[in-house]
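J.: Protein sequences appear in the order of chains A and B.
Residue numbering for the first sequence follows numbering that gives the first Met the number 0, starting at 0 and increasing by one per position.
Residue numbering for the second sequence follows numbering that gives the first Met the number 0, starting at 0 and increasing by one per position.
Just so you know, these hints were derived from the structure itself, not from any lab.
There may be inaccurate statements among the hints.
Here are the simulated lysine-lysine pairs, DSSO-like style, with alpha carbons at most 27 Å apart [what the hints assert, rightly or not]: (1) B:K113 with A:K126; (2) B:K134 with B:K95; (3) A:K16 with A:K206; (4) B:K95 with B:K179; (5) B:K134 with A:K133; (6) B:K113 with B:K87.
Derived list of chain B stretches under chain A, where covered just means 3 residues or more per stretch with a C-beta under 8 Å from a C-beta of chain A [unchecked claim]: (7) 241-250; (8) 288-295; (9) 309-315.
Small disclaimer: the values here were computed from a predicted structure and weren't measured.
The beta carbon of each residue, even a glycine, is placed where N, CA and C say it ideally should be.
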Amino acid sequence: MVVLNLWREDALRESLKRLARQLSEAYGPSGHEDEVRDTIKREMETCADEIKVDALGNLHCTLKSDSGSKVLLAAHMDEVGVVVTHIGDDGYLRFSNVGGADPEVLLGQSVVFGDGTVGVVGAETEKMAEGRRKFLEHLAPRSMFIDIGSRSRDEAGRRVRVGDVAVYRREFSDLGARFSGKALDDRVGCAILVVLARALRERGILKNELNLVFTVQEEVGVRGATTSSYAIYPDLAIAVDVTRTGDTPKSERMAVSLGKGVAVKVRDSRMVADPGIVRLLVETAERCGIPYQMEVLERGSTDASAIQLARSGVRTGALSIPCRYVHSPCQVSDWDDVGCCLDLLGNVLSSPLEF
Amino acid sequence: MCDLGDDRRVFIGAEGSALAELSEARGISGQEGEVRQILARSLRGRVKELWGDSIGNLLARAGGGGGKRVMLAAHMDEVGLVISRIEKSGFLRFAKVGGIDDRVLGSKAVLVGKDKVYGVIGTKPVHLQEAAERKRPFRADELLIDIGAKSKEEAEKLVRPGDMATFDVRFESFSDEVVKGKALDDRAGCAVLLEIMKAQWQGVEVVGAFTSQEEIGVRGARVAAFALEPTAAIVVEATLCSDTPGTDPHEECTRLGDGPVITLMDRGVIADRAMVEELVETAEKEGIPYQFRRTTAGGNDAASIHLSREGVRTAVVSVPCRYIHSPVSVMSVTDAENCLRLLIAYLRRVEAGECLRI
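Please construct the entire structure, taking both the sequences and the accompanying hints into account.
T.: As structure tokens, this is what we get:
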């Protein structure tokens with residue numbers, strides 16, 4: 000049995016790095032994933048047999064095959080952000096969060112709207128008089144605002160409307176062995192699926208029907224995954240997302256670390272992975288010499304938790320890219336972990352699966 | 000310009016109107032029977048099909064054709080209380096059904112069970128309270144309903160655990176424009192939906208879902224959406240309105256009198272952007288005032304409807320309602336009328352092929 004080693008191919012590796020950067024920098028908060036969807040759609044046009052966008056905006060790409068099983072692979076296109084709920088007479092924008100963007104992380108950040116309008120996140124500081132601790136205790140979206148430099152409601156209203164959503168403004172950085180940017184969760188997952196599909200198709204080694212779904216609104220409640228898995232109802236599903244790590248100084252206890260390989264999810268807060276799929280992933284990794292680690296995530300979940308409960312149930316597992324500082328503007332992951340994920344999926348899908 | 004017809008005031012404003020009857024009808028989550036009967040009586044013979052389902056929804060079908068089925072949902076249940084235990088003393092313990100602030104319960108009059116037994120949620124007289132007690136509001140689990148019974152046996156002749164206790168509040172007008180009553184959330188939506196279902200439709204299939212158990216987890220709507228398989232859905236609700244003195248402008252959410260409220264995003268749904276644009280366009284074309292819901296707090300039937308099967312394009316249009324989820328809520332008649340005008344105008348455009356184009 001031939002072991003696939005995609006990550007070692009320079010051209011493929013460079014294309015994945017390029018796509019990861021492009022997708023990380025794209026604008027796509029929950030409910031407004033258009034830019035990301037358009038980019039991925041263009042990339043998939045060369046290798047997908049069928050492409051469609053459903054009622055909620057999920058991007059479905061099918062790669063047909065006569066053999067094996069019907070496999071669903073999911074990665075979400077959306078990122079966390081902030082939605083404008085009110086424009087004050089003073090020109091400041093009041094907001095609420097879209098997905099898990101914490102107030103302490105938002106404070107002082109630069110954010111950007113879909114049309115490029117830039118803003119800075121500030122907070123009501125009167126509590127500072129009682130000390131910084133008191134101020135931080137009260138820090139919440141309702142006591143914060145976005146400053147886009149407007150001097151009045153009219154001026155602000157010419158650039159922004161209630162309902163507009165801003166995301167972190169952050170350039171992607173290649174740090175050598177590692178990389179950093181906003182929305183690695185889950186643009187890196189999307190990039191992996193695109194490059195994987197192309198590679199399998201180009202080499203003629205796809206041995207299972209691939210239903211790739213680039214989902215919407217994962218960050219606000221795995222919504223796109225809920226409806227798209229009802230539509231596809233596959234034999235098995237694997238979600239590709241990021242996961243937290245326990246490898247920063249005095250961090251919360253967590254076994255996953257950067258650089259130790261792709262994480263095979265055993266369970267998280269809303270899902271126990273199908274043991275058969277966990278076994279398949281681990282056995283394939285061992286056979287092909289691909290570094291991997293086992294993941295138990297106590298706080299957090301992914302699209303997989305919704306897919307597993309579709310209709311009469313779907314056998315579901317997940318692969319995760321270890322990622323530090325999740326939901327912050329500067330997430331950090333390891334390129335080799337990405338490569339391991341790509342190679343593991345490639346080796347799994349280039350044999351007909353019986354599920 | 001959208002014509003509401005001759006019974007404009009009959010629908011909303013006066014005592015004796017459809018909204019008055021619906022507001023005073025009693026129906027907590029899971030016990031919506033009385034509300035369902037009023038709506039069914041009003042719709043029988045006026046719609047193509049009228050039926051109920053296993054979870055207590057009332058469904059009505061009107062119109063047809065055009066290849067489009069639009070589901071409109073308004074929930075029949077109100078927040079209230081359910082009797083959980085009859086004490087030896089003859090006083091009643093209760094549980095909350097739906098999200099009620101404990102602090103609005105003390106000293107309220109309620110009606111218990113199908114016989115509408117009168118009760119009072121009594122509190123300790125202030126004369127007898129210690130200073131520390133006066134500072135702390137009573138919790139729901141510390142309160143009791145007094146129905147005047149002197150023993151458990153006496154009480155058991157009148158009420159049973161499982162009986163609902165609804166707030167005893169009459170529907171009344173403050174003025175031509177503003178009314179007060181209980182359960183305007185979401186009897187206001189039901190009143191609006193009732194009028195929509197009575198209109199003549201062709202070129203679009205309009206299905207009205209008067210849903211059950213919204214307040215305890217948007218349950219009726221989930222079942223209804225699965226059964227109906229709509230092309231798109233609009234939820235007709237009553238929504239938060241905190242435009243009272245002392246509130247920062249950015250925490251008002253909506254303003255009474257500023258028109259029907261279009262949701263952009265709440266805890267349960269991100270409204271379909273194209274439908275939101277079409278609703279705004281319709282309002283501006285028809286000269287109907289409207290406002291956006293300036294908060295993401297709260298949720299409604301849209302949360303379960305839009306995730307049905309392969310996904311349903313969903314929007315929410317609401318009537319602003321002060322003091323929502325409390326015994327006495329306040330709304331503007333004009334807002335409700337404009338809500339009706341907006342929805343009818345939108346559906347006419349759907350009929351004409353201008354909106355919800357596939």
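J.: So, for every hint listed, does it hold in this structure?
T.: These are the hints, each one checked on the structure:
| no. | hint | verdict |
| --- | --- | --- |
| 1 | B:K113 with A:K126 | 52 Å, violated |
| 2 | B:K134 with B:K95 | 23 Å, holds |
| 3 | A:K16 with A:K206 | 26 Å, holds |
| 4 | B:K95 with B:K179 | 22 Å, holds |
| 5 | B:K134 with A:K133 | 23 Å, holds |
| 6 | B:K113 with B:K87 | 22 Å, holds |
| 7 | 241-250 | holds (count 3) |
| 8 | 288-295 | holds (count 4) |
| 9 | 309-315 | holds (count 4) |
Comparing the model with each numbered hint stated earlier shows that hint 1 is the single one that does not hold.
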